[in-house]
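Engineer: Keeping the supplied structure of chain A fixed, place chain B upon it in accordance with the hints.
2 protein chains.
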Amino acid sequence: MPTAPVLVAKPESMHFAEVLPLRSGASIRAYDLSYETYGQLNADKSNAVLICHALNASHHVAGVYLDEAGQVKDKSEGWWDTMIGPAKPLDTNRFFVIGVNNLGSCFGSTGPMQTNPDTGEVYGADFPVVTVQDWVNAQARLLDALGIQTLAAVMGGSLGGMQALAWTLQYPERVRHAVVVASAPNLTAENIAFNEVARRAIVTDPDFHGGHFYRHGVLPKRGLRIARMIGHITYLSDDVMNEKFGRQVVAPTLPAARGSLPPEGAAAPADRQSRIRGPGLDGMGAALANVAPYRYTTQDVEFQIESYLRYQGDKFAEYFDANTYLLITRALDYFDPAGEFGGDLSRALAQARAKFLLVSFTTDWRFSPARSREIVKALLDNQIDVSYAEIDAPHGHDAFLLDDARYMGVVRSYFKSKVTI
Amino acid sequence: MPTAPVLVAKPESMHFAEVLPLRSGASIRAYDLSYETYGQLNADKSNAVLICHALNASHHVAGVYLDEAGQVKDKSEGWWDTMIGPAKPLDTNRFFVIGVNNLGSCFGSTGPMQTNPDTGEVYGADFPVVTVQDWVNAQARLLDALGIQTLAAVMGGSLGGMQALAWTLQYPERVRHAVVVASAPNLTAENIAFNEVARRAIVTDPDFHGGHFYRHGVLPKRGLRIARMIGHITYLSDDVMNEKFGRQVVAPTLPAARGSLPPEGAAAPADRQSRIRGPGLDGMGAALANVAPYRYTTQDVEFQIESYLRYQGDKFAEYFDANTYLLITRALDYFDPAGEFGGDLSRALAQARAKFLLVSFTTDWRFSPARSREIVKALLDNQIDVSYAEIDAPHGHDAFLLDDARYMGVVRSYFKSKVTI
Numbered sequence: 005m006p007t008a009p010v011l012v013a014k015p016e017s018m019h020f021a022e023v024l025p026l027r028s029g030a031s032i033r034a035y036d037l038s039y040e041t042y043g044q045l046n047a048d049k050s051n052a053v054l055i056c057h058a059l060n061a062s063h064h065v066a067g068v069y070l071d072e073a074g075q076v077k078d079k080s081e082g083w084w085d086t087m088i089g090p091a092k093p094l095d096t097n098r099f100f101v102i103g104v105n106n107l108g109s110c111f112g113s114t115g116p117m118q119t120n121p122d123t124g125e126v127y128g129a130d131f132p133v134v135t136v137q138d139w140v141n142a143q144a145r146l147l148d149a150l151g152i153q154t155l156a157a158v159m160g161g162s163l164g165g166m167q168a169l170a171w172t173l174q175y176p177e178r179v180r181h182a183v184v185v186a187s188a189p190n191l192t193a194e195n196i197a198f199n200e201v202a203r204r205a206i207v208t209d210p211d212f213h214g215g216h217f218y219r220h221g222v223l224p225k226r227g228l229r230i231a232r233m234i235g236h237i238t239y240l241s242d243d244v245m246n247e248k249f250g251r252q253v254v255a256p257t258l259p260a261a262r263g264s265l266p267p268e269g270a271a272a273p274a275d276r277q278s279r280i281r282g283p284g285l286d287g288m289g290a291a292l293a294n295v296a297p298y299r300y301t302t303q304d305v306e307f308q309i310e311s312y313l314r315y316q317g318d319k320f321a322e323y324f325d326a327n328t329y330l331l332i333t334r335a336l337d338y339f340d341p342a343g344e345f346g347g348d349l350s351r352a353l354a355q356a357r358a359k360f361l362l363v364s365f366t367t368d369w370r371f372s373p374a375r376s377r378e379i380v381k382a383l384l385d386n387q388i389d390v391s392y393a394e395i396d397a398p399h400g401h402d403a404f405l406l407d408d409a410r411y412m413g414v415v416r417s418y419f420k421s422k423v424t425i
Numbered sequence: 005m006p007t008a009p010v011l012v013a014k015p016e017s018m019h020f021a022e023v024l025p026l027r028s029g030a031s032i033r034a035y036d037l038s039y040e041t042y043g044q045l046n047a048d049k050s051n052a053v054l055i056c057h058a059l060n061a062s063h064h065v066a067g068v069y070l071d072e073a074g075q076v077k078d079k080s081e082g083w084w085d086t087m088i089g090p091a092k093p094l095d096t097n098r099f100f101v102i103g104v105n106n107l108g109s110c111f112g113s114t115g116p117m118q119t120n121p122d123t124g125e126v127y128g129a130d131f132p133v134v135t136v137q138d139w140v141n142a143q144a145r146l147l148d149a150l151g152i153q154t155l156a157a158v159m160g161g162s163l164g165g166m167q168a169l170a171w172t173l174q175y176p177e178r179v180r181h182a183v184v185v186a187s188a189p190n191l192t193a194e195n196i197a198f199n200e201v202a203r204r205a206i207v208t209d210p211d212f213h214g215g216h217f218y219r220h221g222v223l224p225k226r227g228l229r230i231a232r233m234i235g236h237i238t239y240l241s242d243d244v245m246n247e248k249f250g251r252q253v254v255a256p257t258l259p260a261a262r263g264s265l266p267p268e269g270a271a272a273p274a275d276r277q278s279r280i281r282g283p284g285l286d287g288m289g290a291a292l293a294n295v296a297p298y299r300y301t302t303q304d305v306e307f308q309i310e311s312y313l314r315y316q317g318d319k320f321a322e323y324f325d326a327n328t329y330l331l332i333t334r335a336l337d338y339f340d341p342a343g344e345f346g347g348d349l350s351r352a353l354a355q356a357r358a359k360f361l362l363v364s365f366t367t368d369w370r371f372s373p374a375r376s377r378e379i380v381k382a383l384l385d386n387q388i389d390v391s392y393a394e395i396d397a398p399h400g401h402d403a404f405l406l407d408d409a410r411y412m413g414v415v416r417s418y419f420k421s422k423v424t425i
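Residue numbers (the working numbering), protein chains in the order written: chain A, 5 to 425; chain B, 5 to 425.
Okay, chain A solo, but in the shape it has when bound (with noise of 0.2 Å):
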């Protein structure tokens, strides 16, 4: 069988001279951005595709990177490999596929782990606060420096799908389609108040040091952690959690060898599955006959989920910037095109003139379809030509990240049908 052939990604930076406004009413005076590029360009420059992320993902979209000795260095995909590569949904044979990291995030782009030209200090809690709309500002200026006029399609998925909404509203003229997977016109009070936990998590973190640990050579790495680990239940459905973890324990242990707990992932004692006799307590009933396995523990791990969450925070706290982590569930929290039409968000999107594919995940309960479906019918309101595919996928808001054959099938058929270049 022929191997597949290998996108490799080669990440690229373009510095900007000119102040970028901020909707605050800050600005950045000089800022990079990090980029990379899937295919190739064609001579009518009428088939780039921008794929904008969310909280935690880059400019590296797809493809792997290469070691120096040429070879694939390991786990290095990009985050929507899955769905975009040659012969992929989005098929970069065909589209010239665009990635990019936005303004203070921490992945290479300007942010708030680099220093303030104005004062020659590393930003940190300086860094101003950016918005849906700011990062699109920037973006259209990375594709004026690509001499790109205009996007074939804007793609993203959840605060990526917000970016892709903003385009068609900041640069109608721009976009010809919009995809805007698992994606919401704004946050609940609900998405609203998780964001907050997690960064009152991380602002209350001792090390935090109100956003200038740097200087103190220290990471809140606990609220870090309590923020992913937040997060994670968040982006998980309860059926794919109960079906991955249900209420299975690490390695369970018999309560008399508390004091010699075998090491998390350690097998289980051979005696596992040896009961114990309860207490004998007069009037017990048969229940108690019997004890679980459990370790009865109240700070170390018990049930495997624990330890799956455990290990997701250490893992995010050990590459991500809190003050970042601020900043992008803030962007989060701003974004609301409607706000400023009182709420209504058939006027707000009267002034899109892309055609639009919108997907959404059943099981999704941070961006449910009811949040895609007022887009979808507000869309409608404005007489926009709009697709819309609601999968049932039983992994929550993660499935849009996932490989999932109805998903991928929409997108690319959205592709190879509508999508002319």
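The hints are simulated quantities; they were obtained by calculation from the structure and are not laboratory data.
Among these hints, one or two may not hold up.
Cβ pair distances, simulated, as ranges [as the list claims (entries may be wrong)]: (1) B:322 to A:153: 56 to 66 Å; (2) B:248 to A:79: 38 to 48 Å; (3) A:247 to B:213: 30 to 40 Å.
Ideal Cβ placement from N, Cα and C applies to all residues, glycine included.
Structural biologist: Same frame as chain A, but now just chain B:
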């Protein structure tokens, strides 16, 4: 109009000198339980109803406290005062109602804040892990001491409902009715996950000191605040949060005035309605011409939901014990009567002899109606008499503590028509 009679509550305490063996294999040598009673025990001692509390409640279930001058103390109503009292759904003119604070709690019963008689030191993290079954055994001893052999009913919501269910399995001959509100036969992985994040926030607070913060003269308030904020989000429904808070901001101000924000809750500036012109970027659509009245801040409060959650978190951190939080959430995690029957809830409930009333609330996503229906089905499988009401209420899990007419009506009618004395 005559004033309704005031039910005056008076907390009492009972000492137990006999060792209580615990499900973990550990034991408590001696302990006290705080409790309150309302109404009169009849001559047959056949009208007693035990109320079991959930996470942060106590023995103070109904009535009010008086101050030294004999005046009603402000906001001293018991946590289920809407439900229990003279002429209320659980009528204390007819029933003798008992509220009891569970072992490991922080409202008077023996718990982590008290001295371990074996060491002379405050228990702290050394307080043994207690389970729903252990609580039921301790409650049974309180009934013994009060001379009550059989309960007319045992009743509780949420974790309290789990105790009511456990009563019917551990002491089937001592319970004639069980009223199980907004509860579940066990926690799902998602619920365990929320508990675990809350615990991690507490345990990783540097002021927690492994659970021995008392001797350091500090309290892990940061962790408690985060724990409570997470809890509050999950007790409410998305709908009620949107209705109550939506995307309302606290006190919008102009970006130019960001250096001198009004205090939280202060009146909005007079020019609140004046909108600021956007920075006039080329290519920006009409959506950017106006700027929403945000402060543009990542660390300060922007939305009302944030202000509400911070307030709730602050309040909770002032009065609740961190080790108690860990213990009680663990009791929730561990409860799983079907676990000892290979997950077969019908077999687990076969030993129950009580009649049941189950109540759930449509918007409760933490203890959803589907979980109550599992219990109903298992009871029906055993030909046990069960009434079930699914109340269409918008308030999420919190609904079980609120004064909903249909909910109150169902409980009133059950006690009136089914619970003989």
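Engineer: Run every hint past the structure and note whether it holds.
Structural biologist: Verification of the supplied hints:
| no. | hint | result |
| --- | --- | --- |
| 1 | B:322 to A:153: 56 to 66 Å | holds (59 Å) |
| 2 | B:248 to A:79: 38 to 48 Å | holds (44 Å) |
| 3 | A:247 to B:213: 30 to 40 Å | holds (38 Å) |
In terms of the numbered hints stated before, the structure departs from none.
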